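S.K.: Chain by chain, the residues run as shown.
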Amino acid sequence: MAELLQLLISGLAAGSIYALAAVGFTLLWQASQTINFAQGEFVMLPAFFVLIGMTVFGLPLWLSIVFGLALALLILGVAFKRLIVEPMLPHGTLPLVIATIALGLLMKESVKEFYGATAQPFPAIFPQTVYNVAGASVSVQDICNLIVSMLAIGSLQLFLNRTRTGRCMQATAQNPAVAEVLGVNVKRMVLYTFLINAALATIASVLISPIYLAKFSNGETLGLVAFIAAIVGGFNQIRGALVGGLLIGVIDNLSAVYVSSEYRSAMPLILLIAIILLRPQGLLGTPEGRTV
Amino acid sequence: MTMQPQAHIKPVLSVHNISKQFGGIRAVNNVSFDVLPGEILGLIGPNGSGKSTLFNCILGQLRPTEGHCAIKGRATDGVRPADLSLMGVGRTFQQLSVFPKMSVLDNVILAGQEHEGTMFSRLFSKGDAGLTSKAEQLIDFFRLTPYRNTEAGSLSYGQQKLVDAAMAFMAGPDIVLLDEPAGGVNLTMLGYLKDRLTTYNREHGTTFVVIEHNMEFVMSLCTRIIVLAQGEVIAEGTPDQIRSNQMVIDAYLGG
Numbered sequence: 001m002a003e004l005l006q007l008l009i010s011g012l013a014a015g016s017i018y019a020l021a022a023v024g025f026t027l028l029w030q031a032s033q034t035i036n037f038a039q040g041e042f043v044m045l046p047a048f049f050v051l052i053g054m055t056v057f058g059l060p061l062w063l064s065i066v067f068g069l070a071l072a073l074l075i076l077g078v079a080f081k082r083l084i085v086e087p088m089l090p091h092g093t094l095p096l097v098i099a100t101i102a103l104g105l106l107m108k109e110s111v112k113e114f115y116g117a118t119a120q121p122f123p124a125i126f127p128q129t130v131y132n133v134a135g136a137s138v139s140v141q142d143i144c145n146l147i148v149s150m151l152a153i154g155s156l157q158l159f160l161n162r163t164r165t166g167r168c169m170q171a172t173a174q175n176p177a178v179a180e181v182l183g184v185n186v187k188r189m190v191l192y193t194f195l196i197n198a199a200l201a202t203i204a205s206v207l208i209s210p211i212y213l214a215k216f217s218n219g220e221t222l223g224l225v226a227f228i229a230a231i232v233g234g235f236n237q238i239r240g241a242l243v244g245g246l247l248i249g250v251i252d253n254l255s256a257v258y259v260s261s262e263y264r265s266a267m268p269l270i271l272l273i274a275i276i277l278l279r280p281q282g283l284l285g286t287p288e289g290r291t292v
Numbered sequence: 001m002t003m004q005p006q007a008h009i010k011p012v013l014s015v016h017n018i019s020k021q022f023g024g025i026r027a028v029n030n031v032s033f034d035v036l037p038g039e040i041l042g043l044i045g046p047n048g049s050g051k052s053t054l055f056n057c058i059l060g061q062l063r064p065t066e067g068h069c070a071i072k073g074r075a076t077d078g079v080r081p082a083d084l085s086l087m088g089v090g091r092t093f094q095q096l097s098v099f100p101k102m103s104v105l106d107n108v109i110l111a112g113q114e115h116e117g118t119m120f121s122r123l124f125s126k127g128d129a130g131l132t133s134k135a136e137q138l139i140d141f142f143r144l145t146p147y148r149n150t151e152a153g154s155l156s157y158g159q160q161k162l163v164d165a166a167m168a169f170m171a172g173p174d175i176v177l178l179d180e181p182a183g184g185v186n187l188t189m190l191g192y193l194k195d196r197l198t199t200y201n202r203e204h205g206t207t208f209v210v211i212e213h214n215m216e217f218v219m220s221l222c223t224r225i226i227v228l229a230q231g232e233v234i235a236e237g238t239p240d241q242i243r244s245n246q247m248v249i250d251a252y253l254g255g
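Note that the protein sequences, when read in sequence, are chains A and B.
For the record, in the first sequence the residue sitting at position 258 is 258 according to this note's numbering, with numbers rising by one throughout.
For the record, in the second sequence the residue sitting at position 9 is 9 according to this note's numbering, with numbers rising by one throughout.
Wrong hints could be hidden among the right ones.
Far from chain B, some chain A residues (derived; all Cβ distances over 12 angstroms) [said to hold, decoys possible]:
1) A2
2) K112
3) T129
With a Cα cut of at most 30 angstroms, we get these calculated BS3-like pairs of lysine-lysine [stated by the list, open to error]:
4) A:K187 to B:K72
5) B:K134 to B:K10
6) A:K187 to B:K101
7) B:K194 to B:K134
8) B:K134 to A:K187
9) B:K134 to B:K101
Just so you know, the hints here were simulated from the structure itself, not pulled from any lab data.
Model, not experiment: these values are computed from the prediction.
Backbone N, C-alpha and C fix where the C-beta goes; we use that ideal spot for every residue, glycine too.
Construct all of the structure, not just a fragment, from the sequences and the given hints.
M.R.: Right, here's the structure in full:
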């Protein structure tokens with residue numbers, strides 16, 4: 001029982017970070033039909049921005065995080081939209097998908113080339129203390145990661161549902177032609193989406209790197225997991241991506257102990273296949289029907 | 001053929017010698033007319049008569065080969081859809097144009113909110129932009145109050161058309177262009193839609209331009225009708241005049 005509790009908590013903590021990446025993934029899809037196969041690298045990279053802030057510019061950790069966020073907004077948000085998505089999108093979804101795959105490779109190899117192939121230690125944001133709760137070891141870091149991720153996704157939901165800009169972003173995702181006719185600045189709303197994705201990726205990066213260290217290849221698993229989480233939960237719902245991310249985190253942790261650690265990484269894929277066969281719109285998703 | 005407006009009243013919409021050529025096909029050929037404030041003008045014609053092309057020229061989405069269109073004296077050519085809305089032009093779409101996953105209320109509020117506020121207030125202010133009561137009035141006007149909080153995508157087709165109409169009026173436009181409002185709407189709902197549009201026109205003096213296939217609907221709604229065939233105006237007049245016009249009967253019956 002104690003072991004189960006422990007696995008659940010660390011599963012939820014990891015899953016909430018997957019959810020950050022998955023939510024960004026679905027947002028991009030909704031706002032601009034971008035399936036970003038570089039999403040894993042988007043989460044890998046900001047950690048290196050932060051490290052650059054600390055080692056190259058000698059900034060304190062918090063300031064380096066601000067620096068990393070600013071750089072991420074600029075490169076993963078604005079530049080990604082302007083230089084890759086905008087020129088490629090008119091040619092269709094597939095060329096854009098291929099471009100994002102290429103971008104992912106480029107980012108991975110660049111980090112390896114310019115920063116190094118070895119895993120870089122990343123400073124812990126939260127205390128490394130582990131408490132014993134009813135026989136289970138519960139790490140403060142896990143709890144804090146879970147809280148920060150949930151707060152980020154919660155405030156994003158509030159922003160999208162309660163503010164005027166948030167509603168305009170939803171309108172843009174649901175029916176861009178009509179949104180434009182009603183006076184919504186569709187291009188700006190799409191840009192906001194890219195900025196939000198970059199910010200979510202930075203949060204995920206800063207939370208996950210103290211655990212897994214900053215390494216050029218971190219995006220491989222993360223990108224795949226975010227993709228699976230988005231599909232499992234339902235591609236057109238933020239809630240879906242959240243549930244998908246948490247579910248995969250928990251299944252991953254539970255299966256490592258209760259099934260077999262060798263098949264651990266196969267479990268999310270098995271889940272993916274089951275969902276595609278049984279409920280293709282995802283757990284919380286609705287069948288996609290775009291009307292323009 | 002064109003009915004001359006009285007000199008002292010400025011037209012809301014003027015169409016001057018519009019022609020539109022697609023390759024070898026002249027979809028619209030030298031069409032001119034003015035629409036005066038408060039008029040309900042019907043644009044009718046068989047399939048391929050150039051109605052939609054003309055409509056898109058008026059909305060600035062197609063660049064006419066010759067001529068120009070102006071709304072309240074301002075040319076619409078090349079104007080972005082978002083700016084057209086700020087110029088006081090509302091429109092409905094042939095296909096459904098609600099935001100399916102938002103409530104009816106949110107749909108209607110959204111249609112009005114982009115006219116207010118600075119960028120900062122847009123980013124952080126509350127979602128309704130103080131427009132809830134105005135939106136509720138319109139929802140009530142179209143008798144959609146029971147569906148106020150329902151997701152627009154789950155309403156019937158006819159009800160969504162009403163939401164669409166409410167949205168077109170939300171920004172307080174001077175002129176509303178309705179693209180086949182009767183298409184796919186059942187008879188009961190059609191009579192109701194007609195009643196609401198006429199009442200709105202009477203109460204607010206809003207000008208309408210209606211493109212429509214459904215002759216009966218146009219005849220009962222419009223104050224003046226222009227008939228297009230093969231890109232040209234073949235008749236213009238009151239519904240009664242149009243009904244008895246031999247050229248119109250021939251064009252429609254293929255005689």
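S.K.: Each hint: holds or not?
M.R.: Checked hints:
1. A2: holds, 42 angstroms
2. K112: With a cut-off of 12 angstroms, K112 of chain A remains clear of chain B, as the shortest Cβ separation is near 38 angstroms.
3. T129: holds, 37 angstroms
4. A:K187 to B:K72: This hinted pair holds, its Cα atoms lying about 28 angstroms apart.
5. B:K134 to B:K10: holds, 29 angstroms
6. A:K187 to B:K101: holds, 21 angstroms
7. B:K194 to B:K134: OK: K194 of chain B and K134 of chain B at ~22 angstroms, within 30 angstroms.
8. B:K134 to A:K187: OK: K134 of chain B and K187 of chain A at ~28 angstroms, within 30 angstroms.
9. B:K134 to B:K101: Roughly 21 angstroms separates the two Cα atoms, so the pair holds.
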